[in-house]
Amino acid sequence: MVIDVHTHLHPPKLFAAIRKWFRDNPGWQLDHPTEPSAVAETLRENGVERFVFSSYAHRTGMARELNAWLIEAARSIDFYGLPLFTVHLDDPDYLEDATIALASGCIGLKIHEDVQALLVNDQRFYPVYSLLREHDAFVLAHIGPIPWKNVPEKGIARVKAVLRKYPDLKFLVAHMGAPDTRSYLPLLPEFPGLHLDTTMAFSKVTADYLALNADELEAHSSRIVYGSDYPTVPYPYGRELAQFRRMNLTSSTLEAILQDNAVRLIAPFLAS
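With the numbering used here applied, the sequence shown covers 1 to 272.
No lab work stands behind these hints, which were simulated from the structure alone. Keep in mind that a hint or two might mislead.
[Stated by the list, open to error] List of simulated lysine to aspartate or glutamate pairs, DMTMM-like, C-alpha gap at most 25 Å:
1) K160 with E65
2) K170 with D136
3) K165 with D90
4) K13 with E65
5) K154 with E134
6) K154 with D90
7) K160 with D114
8) K13 with D90
9) K170 with E216
10) K170 with E35
11) K154 with D31
12) K170 with D90
13) K170 with E218
14) K165 with D229
15) K170 with E255
16) K170 with E190
17) K20 with D114
18) K154 with E190
19) K13 with D122
[To be verified] If you anchor each label on the Cβ, the simulated ranges turn out as follows:
20) A68 with A219: 36 to 44 Å
21) P236 with E134: 35 to 43 Å
22) A242 with L30: 13 to 21 Å
23) E96 with A161: 19 to 27 Å
24) P167 with E218: 20 to 28 Å
25) K154 with T60: 35 to 43 Å
26) D215 with E65: 40 to 48 Å
27) E45 with R264: 20 to 28 Å
28) E35 with E190: 36 to 44 Å
Remember, it's a predicted structure, so these values are computed and weren't measured experimentally. The beta carbon of each residue, even a glycine, is placed where N, CA and C say it ideally should be.
Required output: the full structure, derived from the provided sequences and hints.
Okay, here's the thing in structure tokens:
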């Protein structure tokens, strides 16, 4: 069984704009289906039991409508996919947006620092983090620049600031925290809510600095969670899964990364 904690569904116009950006910048040709039922079907065909999906409000005035679209997308596939909500801190009612989204079926918050031009340690996020803790929900955060920029980042200091304030907050850092992956590893024992997702880190598309070796994965297997970034990837869905299975990981580590750790994150919402 596989649970994928990092996928994307967007309204058609937004998806088209995102694909244009990837075509014009890294030069990716993205041709995977984007309609919710088609994305869900691809994931089912690859053995995915449940998936978590998100979008992001990159400007003011769009978060509430976007969250409503995400919730409706989840309903259209019978909540096989579970939505994360988005907020924009320059909206005057962003906390109300978060409250409505959590009451309507969202299981956490997605933050993309680069796209949204918002930082996770902006104190305006703190009431949202408190709300997430009350609902046993989690944060999925893309920290700093897009991961194929091998530039040392200061995002790890921002994450530490949040977790020192909210040490039990479930906080999932996308892309293994690249390019600072190994700097995150010593933080895992200190902050029990901190997790890293694998998105693209083992795809062989991005630079080698993104990936950990098998011994490192074994050592931290309880805090690493599988994510794919599908359909915003320039390769077939199964590619990264196949790479994991070639790493000679123990069965317990493979099960932890591909399903068990994610089950702990989403279980409060499956029970309801």
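Going through the hints against the structure:
1. K160 with E65: 31 Å, violated
2. K170 with D136: 8 Å, holds
3. K165 with D90: 22 Å, holds
4. K13 with E65: Cα-Cα ~14 Å, so holds.
5. K154 with E134: 29 Å, violated
6. K154 with D90: It holds: about 23 Å lies between the C-alpha atoms, which stays within 25 Å.
7. K160 with D114: Cα-Cα ~18 Å, so holds.
8. K13 with D90: The hint holds at about 22 Å.
9. K170 with E216: Roughly 22 Å separates the two Cα atoms, so the pair holds.
10. K170 with E35: Violated: K170 and E35 sit about 29 Å apart, past 25 Å.
11. K154 with D31: Outside the cut-off at roughly 34 Å; violated.
12. K170 with D90: Measuring from Cα to Cα gives roughly 24 Å; hence the hint holds.
13. K170 with E218: 21 Å, holds
14. K165 with D229: 29 Å, violated
15. K170 with E255: Between K170 and E255 the Cα gap is close to 20 Å, so the pair holds against 25 Å.
16. K170 with E190: 13 Å, holds
17. K20 with D114: Since the Cα atoms of K20 and D114 sit roughly 17 Å apart, the hinted pair holds (cutoff 25 Å).
18. K154 with E190: 19 Å, holds
19. K13 with D122: 29 Å, violated
20. A68 with A219: 36 to 44 Å: 42 Å Cβ-Cβ, so the 36 to 44 Å window holds.
21. P236 with E134: 35 to 43 Å: 40 Å, holds
22. A242 with L30: 13 to 21 Å: 20 Å, holds
23. E96 with A161: 19 to 27 Å: 25 Å, holds
24. P167 with E218: 20 to 28 Å: 25 Å, holds
25. K154 with T60: 35 to 43 Å: Roughly 26 Å apart at Cβ, these two residues miss the hinted range, so it is violated.
26. D215 with E65: 40 to 48 Å: Holds, at about 46 Å.
27. E45 with R264: 20 to 28 Å: This hint holds: roughly 26 Å between Cβ atoms.
28. E35 with E190: 36 to 44 Å: Given range 36 to 44 Å: holds, Cβ gap about 42 Å.
The structure fails hints 1, 5, 10, 11, 14, 19 and 25 (numbered hints given earlier, in ascending order).
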